[in-house]
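Just need the whole structure built from these sequences, with the hints factored in.
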Amino acid sequence: MKLTNLMTSAAVALGLATAALAEDPTKVGFVYVGPVGDGGWTYEHDQGRKAVVAEFGDKVETVYVENVAEGPDAERVITQMALQGADLIFTTSFGYMDPTNNVAAKFPKVKFEHATGYKRNTDNVSTYSARFYEGRAVQGTIAGHMTESNIIGYIGSYPIPEVVRGINSAYIHAKKVNPDVEFKIVWAFTWFDPAKEADAAKVLIEQGADVILQHTDSTAPQAAAQAAGNVITFGQASDMAEYGPKPRVSSIIDDWAPYYIARTKAVMDGTWTSTDTWDGIGAGMVGIGEISDAVPAEVKAEALAIKASLADGSYHAFTGPINKQDGSAWLAAGETADDGTLAGMNFYVEGIDGDIPQ
Amino acid sequence: MDLSAINPALLIASLMVAATPLLFAAIGELVVEKSGVLNLGVEGMMIVGAVAGFATAVETGSPLLGFVAAAGAGATLSVLFAILTQYAQANQVASGLSLTLFGLGMSALLGQSYVGVKPPQMQKIDLPVLSDLPVVGPILFGHDPMLYLAIALIAAVWAVIKFSRIGLVLRAVGENHDAAHALGYKVVRIRILAILFGGACAGLGGAYISLIRVPQWTEGMTAGIRWIALALVVFASWKPWRVLLGAYLFGGVTVVQLNLQAAGVAIPVEYLAMSPYLITILVLVILSADKSSAPAALGRNFHAAR
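Residue numbers (this note's numbering), protein chains in the order written: chain A, 826 to 1183; chain W, 87 to 392.
Hints may be right or wrong, so weigh each one.
If you only want the chain A side, here are some residues facing chain W, beta carbon under 7 angstroms, derived [to be verified]:
#1 Ala1020
#2 Ala1025
#3 Ala1048
#4 Ala1053
#5 Gly1054
#6 Asp1104
#7 Pro1182
The calculated lysine-lysine pairs, modelled on DSS-like cross-linking and capped at a C-alpha distance of 30 angstroms, are [claimed, not checked]:
#8 A:Lys1000 <-> A:Lys1071
#9 A:Lys934 <-> A:Lys944
#10 W:Lys210 <-> A:Lys1071
#11 A:Lys944 <-> A:Lys1000
#12 A:Lys1000 <-> A:Lys1149
#13 W:Lys204 <-> A:Lys1071
#14 W:Lys204 <-> A:Lys1125
#15 A:Lys931 <-> A:Lys1090
#16 A:Lys875 <-> W:Lys204
#17 A:Lys931 <-> A:Lys1000
#18 A:Lys884 <-> A:Lys1090
#19 A:Lys1149 <-> A:Lys875
Simulated from the structure, these hints should not be mistaken for laboratory data.
The beta carbon of each residue, even a glycine, is placed where N, CA and C say it ideally should be.
Shown next, in the form of structure tokens:
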């Protein structure tokens, strides 16, 4: 007991000392769920970090930890960062939600930013996310037109609202342009495991899918689709342009840089407050990658029209009439979904087979 | 639910591919452990093999050379482990774990310029008539040569350990290194050779992932096989054929559960997702009821003067 006490106080003293020393440059920490070279989700967050460095130069010092498992291990890593004097910490995966809030409660002077979550238990926690489902609407439109087998494979990561929203949005828009379309959904239960993601893609292709949508972080499904031949895919989180013009025909690109720069600036100026940010195509947080020549011109034009209407707000990706999977009414004709329902979305829309793992 | 969407022949063919990296890594580790050394650095050697094999295959255009380089790279990294544990008498567990961390870091560094590059494809063995047979064709005759090499390796290790003098010496060193030393066997030399063999096998397993199973290079791409290769050796009670069984079972359930999900079977996905680990370990535990135990000197360092 004595030893642990001693170590704790030593650690606290060390933390205080470094905090005092680090008063000059603002120290910003990033916690990543995969490696920065994953070519997808974590890669884009790290691009955001680099943009912060480029913007502020010597006035900022950034640290990051890769491959942090969601759960208790994350709490240890975040605590460590706070002890090392970080002023602002971005935790960039859904599963860091509780660890982030737990650590935030212990370090009231440190600001925390949690990506894709919804818990802000103390006023030093902000949440931020992007409206990826707007990008999924564009993807669904292209996928519905392009599929010949009418089977679209979808690799889900974890059954959380963000992923379910993406599935629903893609399905609604694929169905709209192709009433015969069918979704086959496989849950990988991982954000990053190239071998497993490739297996999932292969299984879906073997079962007849000729379009693969993924909500996992690596480029492995792209490689599997390329090896299989006549299959198209979409870049996820990052452009994944190296797999274009086919299989990758377009992509959803996350652009975190402006947000990271703005929040770091707010900490420097002392104007940081707890906020909940959820921006889409319009604000530039979600980008649509170049639609390749493998897509016919009229499909491309239709996809870009949807993108434009989502961007200027004239169209909402969830516009009624939409029923839930069990047939009960969700949105009446012309009605659009409210953010609260979207944030906690835990149901499929009518027409999708299968259950969401609970 | 639509089970007819699942093609059993394709399923079995893809489970063999999914199991092969595991097979390479586990059979290498089995030989290492038979010699009384516990090398927890399997993942480090695999990932270094994955990147070395990938880079070589891309630069030379030959996947076969890639595999040779992968085996070399895995063995080279294992030299580090051999020096630490056999000469410096370092703790095997700690050395093995640090080997994994070192391998992950080094491979990320080496692989930076290979992210997003497409490797040359390895030709599948194409036997006229045989490969075109329905069902049997894709299962038995439609694979790449490395998959057959993995199975041959299992058979070879089994035969050597069971029937040859070399196997007897290896086992003697692993069971009681003092007695083996007293009989005049070079304990350290034999162990180093076993470690090198294990490293080469792990390297091949890694390259199989980056060149054939996925195929691409991504940092940390061996993530899914992290501990299962080690667990497999233990649960297979150090018997080569059980390693094969365990690896195919694990690969099989992994592929089957994805197939069932895609076909919309009404089993909760959580159960499906954990099933590969559960079923493999369960079956092997039942099989290992015959009380064959670990090599007696496993994990213990040997020094002639002690």
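**Request:** Tell me, in ascending order, the numbers of any earlier hints that this structure violates.
**Result:** 4, 5, 6, 11, 17, 19
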